[in-house]
Amino acid sequence: MAALQRRQGQHAALAIAAVVIIVGVPLWWRTTETYRAWLPVTQINELAKLQLQLSVDVEVVFARGTLTPEQQKKVPLTQTQDEEHMVDEDTALRYRYETRYRTATIMEEDALNQPTAAEADLSLHTLSESPCGSVVVYVIPEASSLLPEVVEVYIGQRRTAMLRIGAQMRVGRTLKQLLAHLEPRIQQVLQVMSFSHSDITAALSDRVRPSPGNKESLADSMRAFKSSPGYEITFSLLNPDPKSHRLHWDIESAVQNYIQPLLTKLAPVANFSIDSQILYYAMLGVNPRYDSSLSAYTLSADSLAHVINPVEARLGSNAASSNPVLNFLLYVPDAHHSPLYIHDHKKQKVHSNAFHSPRWGGIMVYNVNDFYGPDPVFPMDINISMAKVMGVFLAQLRLLLGVQSSATPPGFVVASCGSAGLADWELDRLMWSRTVENVATATTTITSLAQLLDQIGNIVINDNIAQQVSSTVTSLQLAVAELEAGNLGFALQYSKEAILASERAFFDPSLLHLLYFPDDQKFAIYIPLFLPMCVPILLSLLKMLSEARQRRKEKQAKRD
Amino acid sequence: RVTRKRSVDKAGQFFGSGHTNNWAVTCTSQFWFNYRHVANTLSVYRSVKRLGIPDSHIVLMLADDMACNHRNPKPATVFSHKNMELNVYGDDVEVDYRGYEVTVENFLRVLTGRLPPSTPRSKRLLSDDRSNILIYLTGHGGNGFLKFQDSEEISNVELADAFEQMWQKRRYNELLFIIDTCQGASMYERFYSPNLMALASSQVGEDSLSHQPDLAIGVHLMDRYTFYLLEFLEDIHPASTTNMNDLFKVCPKSQCVSTPGHRTDLFLRDPGSVLITDFFGSVRKVEITMETINLTSPVEQVEDKPVDGDLQRETHSYVDQLPVSEIIHQKPKQKDWHPPDGFILGLWTLILLVFFKTYGVKHLKHIF
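Just so you know, the protein sequences line up as chains A and B, in that order.
Using my numbering, the letters of the first sequence map in sequence onto residues 54 to 613.
Using my numbering, the letters of the second sequence map in sequence onto residues 504 to 871.
Here are the computed lysine to aspartate or glutamate pairs in the EDC-like style, where the Cα-Cα straight-line distance is at most 20 Å:
| # | chain 1 | residue 1 | chain 2 | residue 2 |
| --- | --- | --- | --- | --- |
| 1 | B | K626 | A | E556 |
| 2 | B | K626 | A | E285 |
| 3 | A | K575 | B | E661 |
| 4 | A | K102 | A | E142 |
| 5 | A | K279 | B | D631 |
| 6 | A | K575 | B | E656 |
| 7 | B | K756 | B | E709 |
| 8 | A | K279 | B | D632 |
| 9 | A | K402 | B | E790 |
| 10 | A | K402 | B | E794 |
| 11 | A | K402 | A | D423 |
| 12 | A | K399 | B | E794 |
| 13 | A | K575 | B | E655 |
None of these hints come from the bench; they were simulated from the model.
Because the structure is a prediction, the values reported are computed rather than measured.
Make a model of the complete structure from these sequences and hints.
Next comes the structure, spelled out in structure tokens:
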């Protein structure tokens with residue numbers, strides 16, 4: 054009886070141990086593991102080593118009189134040039150210039166016969182439209198009257214440039230020598246109209262810490278806003294003295310006529326939303342000094358830095374979006390402090406009477422004392438001349454968005470930017486650097502996210518995060534491929550999609566690393582749960598083992 | 504040549520420090536006896552505002568239960584000096600996270616940017632790679648942790664990881680971390696991201712002490728380190744050129760009893776070249792606009808949408824939402840009679856029992 058009972062007891066203990074080990078442990082493991090959706094880690098690691106190839110389509114058109122007949126026989130001709138740069142061990146750049154040389158068609162010759170370069174540029178544009186990212190260079194003879202004497206290159210409003218060939222280059226040379234001679238000049242043109250190496254390395258600043266060498270590019274990179282899918286622009290009219298001035302500004306039409314064309318042209322780059330407001334009794338934070346020599350009040354350059362802060366508190370912003378805000382303030386000085394001029398560091402009057410702050414916006418001081426008649430009656434109705442104001446704001450907007458290019462080389466003349474406020478090649482420049490910036494930022498975001506998720510085993514990776522990561526990887530690969538192929542428009546679009554998806558994945562609220570569980574805390578949680586359960590099982594198993602050993606010993610003793 | 508020099512000058516202005524905007528995040532604990540922590544935070548908030556950082560760039564996390572606490576003898580005020588010299592609460596304090604919103608989770612969410620999409624702008628840290636951020640934490644702390652709202656803790660490992668994530672996403676240019684708690688130096692031991700500078704009020708094993716009690720309010724008003732820090736900041740104005748080395752000397756052991764510590768090994772620039780206003784103030788870089796665009800096309804009037812007389816002048820009528828006359832002339836409510844509280848009942852029963860136990864039951868008839 055006792056043996057049977059003991060037998061039953063042993064079976065029971067064994068069964069319980071079996072259930073615990075075979076069913077319980079896997080069940081506990083599955084129910085306490087964190088859900089981690091699959092991420093394309095290998096592809097992300099591939100993207101960590103960024104190898105960008107930027108392809109530019111260049112067309113060089115020789116006008117009549119620039120080539121000798123024997124040189125002309127060898128044309129049309131296509132050449133490809135590669136320039137490789139190793140930025141750091143993870144980032145490699147290659148610039149590929151595919152240059153097509155050809156002679157001008159009859160219609161182009163007619164267009165080049167216009168009296169001035171600007172008109173020639175306009176009629177050339179009516180003939181054909183170059184695709185985004187490409188450059189066309191017209192080589193005109195030495196004796197041509199299109200360009201003035203000292204000017205060698207004229208950069209037009211679209212994507213064309215006119216290059217004057219030097220006299221000694223033409224006679225008695227083969228085509229190859231001629232092309233080799235033109236090469237550095239064309240390179241210069243491309244650096245201005247497409248991108249230069251310093252622009253691209255500045256755009257890569259997310260991946261590569263910029264070297265402190267080039268101060269000017271540092272200032273440029275600090276001034277322009279970083280690439281963002283949208284921007285908010287706010288125009289504010291500050292009237293500190295409503296008792297004297299009743300100001301009227303037709304901001305709606307001014308924005309419609311002057312600012313909107315620029316923003317429409319920049320639509321592939323970002324979305325813009327515009328608002329405007331009028332602030333009364335808003336003073337500048339600095340007291341202007343009276344300068345008797347000018348009989349006017351002045352603001353010195355050093356005090357400008359302190360002007361912005363007191364006003365900024367009153368500006369307000371759109372609570373719903375997190376897009377960067379560009380503030381443009383128009384300040385009309387009060388009657389007692391009119392006129393007010395801004396002085397630069399050399400104590401000279403500033404022509405625009407305006408200043409701007411990097412990554413913030415601009416302020417312009419608009420003096421209205423000229424509108425006072427001989428016998429002013431306050432309050433005076435004053436209509437603000439929006440053309441003058443918008444001229445300044447537009448220039449500041451271009452600077453803040455990063456449109457302004459670096460100083461042009463000597464002998465270059467750049468056409469004014471036209472009614473849209475932006476030349477086509479300036480837009481191309483912006484698109485090149487934005488695309489590279491987006492690709493760089495998206496790759497760093499996605500690689501650091503992958504690293505983070507790898508390091509912290511406790512974070513839950515939801516399906517939507519995995520999906521965003523996959524779509525980022527796809528968009529990045531597409532963007533890099535389009536850059537290689539030279540399709541700038543598509544590349545920018547894919548890079549924007551990549552950035553949106555990567556930001557959404559990285560900043561997903563569910564990825565909060567609050568789950569810092571040191572090992573001793575884990576033990577402290579599990580021991581009170583499992584120890585009381587395991588102790589009887591273990592002891593009974595041990596008891597069975599010792600009994601079995603004893604029986605074997607008895608059996609052996611009986612046998613002996 | 505002239506153009507070259509001008510650009511060098513321009514760049515020279517920038518080259519002092521690589522930042523274009525400033526942010527500040529401050530945080531503290533709750534409950535009346537932690538009055539001094541709230542006063543600490545609000546004093547730092549005031550200094551930072553005075554030196555120029557606007558409210559839109561300050562994320563203030565306060566329990567906000569001091570000013571209107573029942574125990575505050577002067578409601579709607581928080582004083583930082585005894586004899587009630589300085590009311591740091593005032594009427595333009597913008598608290599972004601208050602009460603139950605001040606949690607470790609929200610703090611880390613603000614730092615790393617992982618906020619739900621519905622979070623408004625004022626509750627976000629919208630910094631970029633050119634922002635200098637000042638973070639000031641105060642409260643109770645221990646070796647390796649800081650108490651949030653006296654109920655949760657944030658460990659130094661979590662904080663270091665949060666800063667690393669900020670660095671990965673380039674959410675700061677330089678970061679100054681100031682902590683005023685007991686054993687504060689333990690909180691910055693684990694930092695490993697570049698461009699971090701940290702100051703603490705006491706070393707590991709030491710306690711940060713409070714400065715002065717106010718007899719009328721009944722609690723300590725400030726902590727020593729923050730008190731001397733604020734005295735130091737009083738002398739700073741937006742154009743001053745004091746640098747960080749002076750900040751490290753604030754509150755020596757003789758005044759603070761604890762030994763303040765700092766950590767600069769992760770910082771790329773030399774602390775002697777870092778201005779106080781780089782972090783505490785918001786001195787904007789400014790460039791003169793040299794070029795303008797000549798706009799000559801005339802302004803076409805935007806067509807106004809036809810104005811309907813009826814649409815413009817809607818008559819607004821409001822419901823009488825507050826019947827003031829009724830409220831003023833109301834009769835006082837009848838107070839219902841309630842039987843005495845259980846506690847009082849129990850107490851009386853106990854007294855009676857003891858009485859009868861001592862003196863015997865026969866005296867009962869004397870009572871009833």
